[in-house]
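S.K.: Sequence:
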Amino acid sequence: MLKIVACAIVFAFVLIYLKGINSEFFSVALLGAGVILITLGIDYFTETVAFLRNFIENSKISAEYFSVILKITGIAYVVEFGAGVVEDLGLKSMADKLVLIGKVAIFVATIPIIYAVFNLLTGLIT
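Numbering (our numbering), first residue to last: 1 to 126.
If you're looking for bench data, these hints aren't it; they were derived computationally from the structure.
Among the hints, a few may not be true.
Straight-line alpha carbon distances no greater than 25 Å define the calculated SDA-like cross-link-like pairs of lysine to any residue that follow [to be verified]: (1) LYS60 x ILE125; (2) LYS92 x ILE72; (3) LYS60 x VAL78; (4) LYS97 x PHE107; (5) LYS3 x LYS60; (6) LYS71 x PHE26; (7) LYS97 x ILE38; (8) LYS19 x ILE72; (9) LYS60 x ILE38.
Just so you know, these numbers come straight off a predicted model, no measurement behind them.
Can you build the whole structure from these sequences, using the hints too?
M.R.: See the structure below:
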């Protein structure tokens, strides 16, 4: 984690320098720095997925729900990252629209879980 934080600080200084010199390079460098940081942090994500996969295999939870939860989490992180980059580039209204689209996508991804809960409740009532 220390390596990621150190890279983020170095990237921040470089980005601040580039922003003053050339805003075109700043935009590309900002996106590149974000991608590099996410790539460095992917090990944490894979460890978490492995833990959750092991947990699902040892419990009675359906693997289908696990994939839905991972999809929802992935959508949330990707949208948050994208909206952050777009907002950093000075396009707040576009970032807000991206967040709205992400929320709709998350709702659509949760439909199988909502359906399963509805079936469970109707089964308990009848």
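S.K.: Looking back at the hints listed earlier, which ones does the structure fail to meet?
M.R.: 3, 5, 6, 8, 9
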